[in-house]
Amino acid sequence: MAVAKDKSVTGTTAPSRGRFVNTGNGPTFQVIDIDHKDYAAVIDPDTAFWSLVRREELADFLAGDLPAAYAKKKERFAREMEQLRFGLKPSAVYFNPTERCNMNCTYCYIPEKMRHHGRHMSEKKLLTALGILKGYFQRTLPKGSVPQVIFHGAEPLLNRKALFAGIEAYGKDFRFGIQTNATLLDDEAVRFLRDRQVSIGLSLDAPTARIADRTRKNWEGKGSFDQVLAAMDRLEGYEGWSVICTVTRENLQHLSRLVDFFHARRVPTCLMNILRCTLPPSRGLKPGDAEAARRFLAALDRTYELYQETGRRLPVGNFANILLAIIAPAARRLMCDISPCGGGRCFVALAPDGDLFPCSEFIGMNRFRGGNLFKDDISAVLQSEPFRLVTGRKVEQIEPCGRCAIRHFCGSPCPAEAHEMNGGMNRTGAFCEFYEEQVRYAFRVIADKKVDAYLWEGWDKGLKATFDIK
Amino acid sequence: MEKKQEKKKQAREKEEVIAYRKGCKAEGTGLSHYILMDRKEK
Numbered sequence: 001m002a003v004a005k006d007k008s009v010t011g012t013t014a015p016s017r018g019r020f021v022n023t024g025n026g027p028t029f030q031v032i033d034i035d036h037k038d039y040a041a042v043i044d045p046d047t048a049f050w051s052l053v054r055r056e057e058l059a060d061f062l063a064g065d066l067p068a069a070y071a072k073k074k075e076r077f078a079r080e081m082e083q084l085r086f087g088l089k090p091s092a093v094y095f096n097p098t099e100r101c102n103m104n105c106t107y108c109y110i111p112e113k114m115r116h117h118g119r120h121m122s123e124k125k126l127l128t129a130l131g132i133l134k135g136y137f138q139r140t141l142p143k144g145s146v147p148q149v150i151f152h153g154a155e156p157l158l159n160r161k162a163l164f165a166g167i168e169a170y171g172k173d174f175r176f177g178i179q180t181n182a183t184l185l186d187d188e189a190v191r192f193l194r195d196r197q198v199s200i201g202l203s204l205d206a207p208t209a210r211i212a213d214r215t216r217k218n219w220e221g222k223g224s225f226d227q228v229l230a231a232m233d234r235l236e237g238y239e240g241w242s243v244i245c246t247v248t249r250e251n252l253q254h255l256s257r258l259v260d261f262f263h264a265r266r267v268p269t270c271l272m273n274i275l276r277c278t279l280p281p282s283r284g285l286k287p288g289d290a291e292a293a294r295r296f297l298a299a300l301d302r303t304y305e306l307y308q309e310t311g312r313r314l315p316v317g318n319f320a321n322i323l324l325a326i327i328a329p330a331a332r333r334l335m336c337d338i339s340p341c342g343g344g345r346c347f348v349a350l351a352p353d354g355d356l357f358p359c360s361e362f363i364g365m366n367r368f369r370g371g372n373l374f375k376d377d378i379s380a381v382l383q384s385e386p387f388r389l390v391t392g393r394k395v396e397q398i399e400p401c402g403r404c405a406i407r408h409f410c411g412s413p414c415p416a417e418a419h420e421m422n423g424g425m426n427r428t429g430a431f432c433e434f435y436e437e438q439v440r441y442a443f444r445v446i447a448d449k450k451v452d453a454y455l456w457e458g459w460d461k462g463l464k465a466t467f468d469i470k
Numbered sequence: 001m002e003k004k005q006e007k008k009k010q011a012r013e014k015e016e017v018i019a020y021r022k023g024c025k026a027e028g029t030g031l032s033h034y035i036l037m038d039r040k041e042k
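Residue numbers (the working numbering), protein chains in the order written: chain A, 1 to 470; chain B, 1 to 42.
Honestly, the hints are just simulated from the structure, not real lab data. Be careful, since some hints might not be right.
Distance condition first, Cα-Cα at most 20 Å in a straight line; then the derived DMTMM-like pairs of lysine to aspartate or glutamate [what the hints assert, rightly or not]: (1) A/K470 x B/E16; (2) B/K22 x A/D460; (3) A/K449 x A/D301; (4) B/K22 x A/D468; (5) B/K25 x A/D353; (6) A/K37 x B/E15; (7) A/K37 x B/E16; (8) B/K22 x A/D46; (9) A/K161 x A/E188; (10) A/K124 x A/D448; (11) B/K22 x A/E457; (12) A/K470 x B/E15; (13) A/K450 x B/E15; (14) A/K450 x B/E16; (15) B/K22 x A/D226; (16) A/K470 x A/D38; (17) B/K25 x A/D460; (18) A/K449 x B/E16; (19) A/K449 x A/D460; (20) B/K22 x A/E82; (21) B/K25 x A/E75; (22) B/K22 x A/E75; (23) A/K449 x B/E15; (24) B/K25 x A/E82; (25) B/K22 x A/D452.
Computed footprint of chain B on chain A, listed as stretches where at least three residues anywhere in the stretch have a Cβ under 8 Å from a Cβ of chain B [as the list claims (entries may be wrong)]: (26) 81-90; (27) 461-467.
Simulated DEER-style distance windows between Cβ atoms [to be verified]: (28) A/D60 x B/Y20: 15 to 25 Å; (29) B/Y20 x A/E112: 43 to 53 Å; (30) A/I469 x B/K25: 17 to 27 Å; (31) B/Y20 x A/D353: 46 to 56 Å; (32) B/K25 x A/E309: 35 to 45 Å.
Ideal Cβ placement from N, Cα and C applies to all residues, glycine included.
Bound conformation, chain B alone (with noise of 0.2 Å):
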């Protein structure tokens, strides 16, 4: 019983919703798979 309520209190804890989203202007600089690119300006 003792267990029960501490998973419970455990889930309380515990975030119930997770949700974000970041954004950046898509400059358009975007490749294939082929190579890694640095986003470095010069």
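Next up, chain A with everything else stripped away, as it sits in the complex (with noise of 0.2 Å):
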């Protein structure tokens, strides 16, 4: 897809020569606190260009040099925004080899007659899966890009014969990866998956079985901490796993401790995901969006003060993503906060029986459906109606998101949330305050030069800069 222009965005609307702050085609910044005693942030929020202000400094600041070293770089950053938000092709899948659960998770978005009743899809049929999407990516991706297939559920490993002959015939064409309860993570199955380098992510929500297991627990009501415990011992020592916790407000006094227990398990990185509220059960669980951020961000205060104390990080990804985010908008790695998000357009969703849906959030919604990849051209399925659905779904588009300075740092997610619980797509998710209170968190640790401690060893490799006031 060719990048649009859009000259609202690189300044070439009016005969003015964008002399001025905020001003004819001037840069336009907005200024925002970051609760920080010296620095505040200014933002140009198209561009997502920041940069920190000692707070007195403010009024020379617009003044400075700074606003016209910056608009020389100005369209190239719009340009980069473009790329990242409208430019990219779809290079990862998220597999569901089978519908069936042996969990009932109070907050899975996966329906749940489908989780207790649901088909596997056969061991022919997932090598089929493959090969097509090998077929795809050979002719969309550029050469040398290797796709990447993650196996999701419900819970893959309950179809583990056809999910493993399918990592064996595929190794070569895919990077692949794994999201599971871990209830069935035995010797073998870690085995297996270490000696071929896939992904393992495991699911725990709590650093006791009392806590963790409320809302993680099989058909019969039985949790399952023990399990992941017990899987988590096989993967020592093994650098391709990390943990999910979902954020409730069962957990969320509980995630600072979570921090320490991880990190005492030499967890390689975890995710502290906010829960969606795409389903009506899950809603039940969702906490406050103040106490969720407070209680968030004192977790990642604990990451850094074990960083301080050990020299070993804990990265908590999702937070990760969106400090690279605000440094290198480019090089994020997940894209729920950006918008477009990343749902139909950097990865879809495939269900067992072979539909096609924009993220596995949308499984089981029949309106969101795009095709099927054993009937349809994946061409023509991106390009379905509900795949634009979510696809055209932008933050400017959104209230108030589109007239807040953070908007590329946070994306505005999710699509499913805004359409389910908040009657629209142009319609926020269920949280914002967690979002802000995170992108200000991040400036913080920009301004305090404590960016390694948050992010993963070597995370600036391959990256170059674009602008540096020094």
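Join the two chains, each given in its own frame, into one complex according to the hints.
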């Protein structure tokens, strides 16, 4: 897709030389308080350009050299954001090899009927699906790019034989990952996945069984805590695994302790994802926005303290992604916090019957079914009306996001929530202040020069400076 | 008075503006929030 030049962004719409901030073709800067004793942030929301300015220097800043230096780069940064937001091609598939799950977690976004009585994808179909995807990516991705297939659920290991056959057959064509509840991750499975460098994500919500098992339990009501710990032991020493914690009102007050727990168990990275409120049952677990932010930031503080004490990081992936989105917008890895989100444009979700959805959040919602992998052309599916509903959701069209200074650091997630919970694609998702506070925290991290402590080792490898005031 | 001057001196020593940005080719490798994948090439 060609990158459109938006003249209102690139500043060529009026006969103004753009010499002055906030008038004519000059840069448009919004000032935000970041709760830092010395600095405030000055942001051009359209290009996601930012600077941290000493509070007492704000007035001088507007007439200083930096706006002029930025003006020379503005068009380049605008193009960078256009490419990131509208120019990418799908390169990942969330592949659901079964509808079934042996767990009945309170907040699952897959309808209960599917998880209880659903079907597996046959081994033959799974291999066919991978073959179709391989052909598609060979035609669409640049030479040398390796697409990603993440087996996802429901619980993918319930269909283990087919899944492992797929990994064995297509190990050279995809980078594989699996997100699992860990209840079936035995020694043999771990050995198989480790030997093939498959990324493994486990799910655990709290540092004790009493709390963790409140939300993550099987159909008989028994929790998975002990089984997850056993799997963590099996994965010790492997770099390619992570743990996802879903933040709900049940575990919110234990997040800092969970950081200690993960760190002690040498978890390489974790995600602390705020609950998605797409389906009604999960909304009963929704924590308050402000309280969620406070507890989450305290957990981030704890990762910093542990890094200071031990020299060992515990990157919290979803926050790291926001921090990276500020420092290096195009280097972000996760695409929930950008608008349009990655659903249907960077990745798609494949259901066991071959149906394609923009994201796993939409599985089971017929309105968002874009077509079928075995029957339809993938390119046509990407252009289908259900997919365009999601890929066409732009932060500029959402109130109050359209006038928000941090709109390209947050992205107003998530379309599934906005549509199902709040009544339309032009609505916000379930949380706002949670993201506001994360961005403010990220700017404080930058101001205090603590960035390295929150990102993974070698995070800036391959990145080039495109602006530096020094 | 001395304290005030010291504070001013410290303020001067601290950077007035922090502004940097890094870039790379957006390769189209983007995921949802469900799993972390290493970017290493095979």
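The hints, checked one at a time:
1. At roughly 11 Å between alpha-carbon atoms, A/K470 and B/E16 fall within 20 Å of each other, so this suggested pair holds.
2. Among the hinted pairs, B/K22 with A/D460 is consistent with the structure: their alpha-carbon atoms are about 8 Å apart, no more than 20 Å.
3. Distance check on the hinted pair: A/K449 and A/D301 sit about 14 Å apart at the alpha-carbon level, within 20 Å; holds.
4. Restraint check for B/K22 and A/D468: the C-alpha separation of about 9 Å stays at or below 20 Å, so the hint holds.
5. A threshold of 20 Å between alpha carbons decides the hint, and for B/K25 with A/D353 the separation of about 35 Å lies outside it, so the pair is violated.
6. Between A/K37 and B/E15 the CA atoms are separated by roughly 13 Å; this keeps the pair inside 20 Å, and the hint holds.
7. Note on A/K37 and B/E16: the hinted pairing holds, with a Cα-Cα distance of about 13 Å set against a maximum of 20 Å.
8. In summary, the hint linking B/K22 to A/D46 is supported, as the alpha carbons are separated by about 17 Å, within the 20 Å threshold.
9. Of the supplied pair hints, the one linking A/K161 and A/E188 holds, its CA atoms being roughly 12 Å apart against a limit of 20 Å.
10. About 55 Å separates the Cα atoms of A/K124 and A/D448, which puts this hinted pair outside 20 Å; it is violated.
11. Taking the CA atoms of B/K22 and A/E457, the gap is about 16 Å. The hint holds against a cut of 20 Å.
12. Between A/K470 and B/E15, the direct Cα distance comes to roughly 10 Å. Compliance with the 20 Å bound is thereby established for this hinted pair.
13. In summary, the hint linking A/K450 to B/E15 is supported, as the alpha carbons are separated by about 15 Å, within the 20 Å threshold.
14. Of the pairs offered as hints, the one joining A/K450 and B/E16 holds, with about 18 Å between alpha carbons and a cut-off of 20 Å not exceeded.
15. Our distance criterion of 20 Å between C-alpha atoms is broken by B/K22 and A/D226, whose separation comes to about 43 Å.
16. Taking the CA atoms of A/K470 and A/D38, the gap is near 18 Å; set against the 20 Å cutoff, the hint holds.
17. Only pairs whose Cα atoms come within 20 Å are accepted, and B/K25 paired with A/D460 is accepted, the gap being roughly 13 Å.
18. For the given pair, A/K449 sits about 14 Å from B/E16 by alpha-carbon distance, which is consistent with the 20 Å threshold.
19. The hinted pair formed by A/K449 and A/D460 meets the criterion: a straight-line CA distance of about 15 Å does not exceed 20 Å.
20. For the proposed pair B/K22 and A/E82, the alpha carbon gap of about 16 Å is at most 20 Å, so the pair holds.
21. A C-alpha spacing of about 16 Å is found between B/K25 and A/E75, which places the hinted pair at or below 20 Å, so the restraint holds.
22. Taking the CA atoms of B/K22 and A/E75, the gap is about 15 Å. The hint holds against a cut of 20 Å.
23. Simply put, A/K449 and B/E15 have alpha-carbon atoms about 12 Å apart, close enough for the 20 Å limit, and the pair holds.
24. About 13 Å separates the Cα atoms of B/K25 and A/E82, which keeps this hinted pair within 20 Å; it holds.
25. Distance check on the hinted pair: B/K22 and A/D452 sit about 14 Å apart at the alpha-carbon level, within 20 Å; holds.
26. Coverage of the region 81-90 of chain A by chain B holds in this model, with 6 residues showing a Cβ closer than 8 Å to a Cβ of that chain against a need of three.
27. Counting residues of the region 461-467 of chain A whose C-beta lies closer than 8 Å to any C-beta of chain B gives 6; at least three are required, and the coverage claim holds.
28. The beta-carbon spacing between A/D60 and B/Y20, approximately 20 Å, falls within the hinted interval of 15 to 25 Å.
29. For B/Y20 and A/E112, the hinted distance range of 43 to 53 Å is satisfied, since their beta carbons lie about 48 Å from each other.
30. Here the CB-CB span from A/I469 to B/K25 is close to 24 Å, well matched to the stated 17 to 27 Å.
31. For the pair B/Y20 and A/D353, the beta carbons lie near 48 Å from each other, so the given range of 46 to 56 Å is met.
32. Distance hint check for B/K25 and A/E309: the Cβ-Cβ separation is about 37 Å, which falls inside the suggested range of 35 to 45 Å.
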